[in-house]
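Q: So you can see what is in the structure, the chains are spelled out below.
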Amino acid sequence: MSDFVRDFRDLHVLIVHPRDSSAEDLLQQVNRIGCNFDSVWPIPKVLEKKFDLVFVDVTDQPCAQIKSFLNSNGGELPTVIPVIGYENPSALEAVFKIGAHAVLTKPVRAAGVLSSMLMARMHWAEQRRFQKEMLKLRDRLDNFQKINDAKFILMRHHTIDDKEAYAVIRKQAMAKRTTVFEIAQSIINADGILRNIGDI
Amino acid sequence: MTVLSTQGSWRVGILFATSGVTSIIEQSQLNGTLLAIDEVNARGGVRGLPIEPVSYNPDSVVAYYGELAEKLIVEDRVSAIFACYMSSARKAALPVVERRNALFFYPTPYEGFECSPNVIYGGATPNQNSVPLANYLLNTFGKRIFFVGSDYIYPRESNRVMRNVLHQGGGEVVDERYLSFYTDTDGFDELAREIIELKPDAIFSTVVGQMCIDFYRAYHAAGGDGRVCPIASLTANEAEIATIGPEAGVGHITAAPYFRNINSSANRKFLKAYRAKFGTVSDVTSCCEAAYSQMHMFANALEEVGEMDTDLLREALLGATFDAPQGQIKIDPDNNHTYLQSRIAQVDNNGEFIVESKVRRALKPDPYLVYPGIHDWSFRTQKVVKSPQ
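Chains H and S, in that order, are what the protein sequence lines are. Be aware that the first sequence starts at 1, since it is given in the working numbering, and climbs by one per residue. Be aware that the second sequence starts at 1001, since it is given in the working numbering, and climbs by one per residue.
I should point out that these hints are in silico values taken from the structure, not numbers from a laboratory. Quick caveat: nothing in here was measured; it's all calculated off a predicted structure. For every residue, glycine included, the Cβ atom is placed at its ideal position computed from N, Cα and C. Be aware that a few hints might be false.
Listed below are several chain S residues computed to face chain H (Cβ distance under 7 Å; list not exhaustive) [to be verified]:
#1 C1115
#2 N1335
#3 Y1368
#4 V1370
#5 Y1371
Whenever a hint applies, use it, and build me the whole structure from the sequences.
A: Have a look at this one:
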């Protein structure tokens, strides 16, 4: 069984919605599902860190205000499920803009709440995973570029070939107990400084 | 939806199959419902008017439950329906009932993960019977359990719950099989032989209806002995065991809120009335008892409200209690399900269920429980000391 299904009772849920029958039905269903929850209205300035998942009424609410609320705790976005009253293009545009992970339509029925919570949670987790992966890949790409630059510097100065240049970098890294990227960076820095000295 | 009593009676709709694969159990639910109506009418009805049942036979065919629910509401002008055994049948009737805002009483244990405002759920959810049963099997018979089920949603979901609970208790699922509703006796014979070869400590069965009878008989014919390696079930009631017979039935185990031989005045009164109406109590089951209690709770709510208004009746029903034959029950205002007793019983030599253990007080229904904890104190059962009959 997936972790999302097994662990959904551990979620802290915030319901940002005026206290009407939709909010009532949603609160009751989240309670039945067995999550910890709080409800608040109007949209507060700051989102408390403990909330993992936020239901937010986007009917007639300025998009910018919702976005600033969702982004208010240091860029760590929670899982977001807008509750929409209208299914028209402009309402859906707002859903995209705030970066929703699933959608709930009004009137809220008990059936469908759990599915949307789990779908949203899965999308949220996947997005985070992709983002982390992308950062890692970007880092690696930068580092490979550095190693290439460093190799060229060595090849130019010492008239050695590509393989030998890499062997030098690797040997240095091992001797200094650091990574090849660090050594590559040092070589690039040193080359820059020495070249500047030559200009004087 | 509001339907006033215009014809001098309170009309209610009933959909329990008296033919087809699940008719054994649905017939008992129909009887329980009709008995409760008789009792209410005998004491003068509700606000001076009798309850008038309009009943159709859905023939255990899933699609008919939806069609007949529509017919009851539209043609018969009924706004309260007492119906359904299988989850698939409930799912067929549910959209009709919700669209027309009728009340739907469902007196059957099911797999949970539903909470319609239009349904009052009278049967057990998995937390109310699976966890106590898993505990009992592990402690009494051993850790290797074989799963068998009919192939539809209830067995799959109850097996998922059971698998989780067993794993926590150190149990092991030897194998897991789902049988189509068209399985013939050869199919059951083959399965029974395989089970006996694998020598599990117990079998957890969610095989329902006529299939349940075929399966227990096949197990017995293949040399299986319930006293050594029992079939444990959440749905094999007195009605099935009566058909299976004491020889093939002996030793097998069922977890349910109600068993026929509970020794309480409410139950004695219930059984006496049932025998007077139907001539025998051999088909009284927990589903029958749930149907009986639901009709009484409905009548009490109607007495209070005085009109067939779905919203008013729901308000009156949520939180209502009833001294049922199983003991006191209560409709949980949080989720429309029912606080129920939890008992585990074993079939004796005469084909009667003897209650072996029970929880101390009615368990709160938790229809959205994914991962019940085997060590949760509220699920502990206690040994029942036999009282002289």
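Q: Give a verdict on every hint.
A: Outcome of the hint check:
Restraint check, S:C1115 versus chain H: the minimum CB separation of about 5 Å is within 7 Å; hint holds. With its C-beta approaching chain H no nearer than about 5 Å, S:N1335 sits inside the 7 Å limit, and its interface hint holds. For S:Y1368, the shortest C-beta to C-beta distance to chain H is roughly 5 Å, which falls under 7 Å, so the interface hint holds. With its C-beta approaching chain H no nearer than about 6 Å, S:V1370 sits inside the 7 Å limit, and its interface hint holds.
Below 7 Å, beta-carbon pairs count as interface contacts, and S:Y1371 has one with chain H at about 6 Å; its hint therefore holds.
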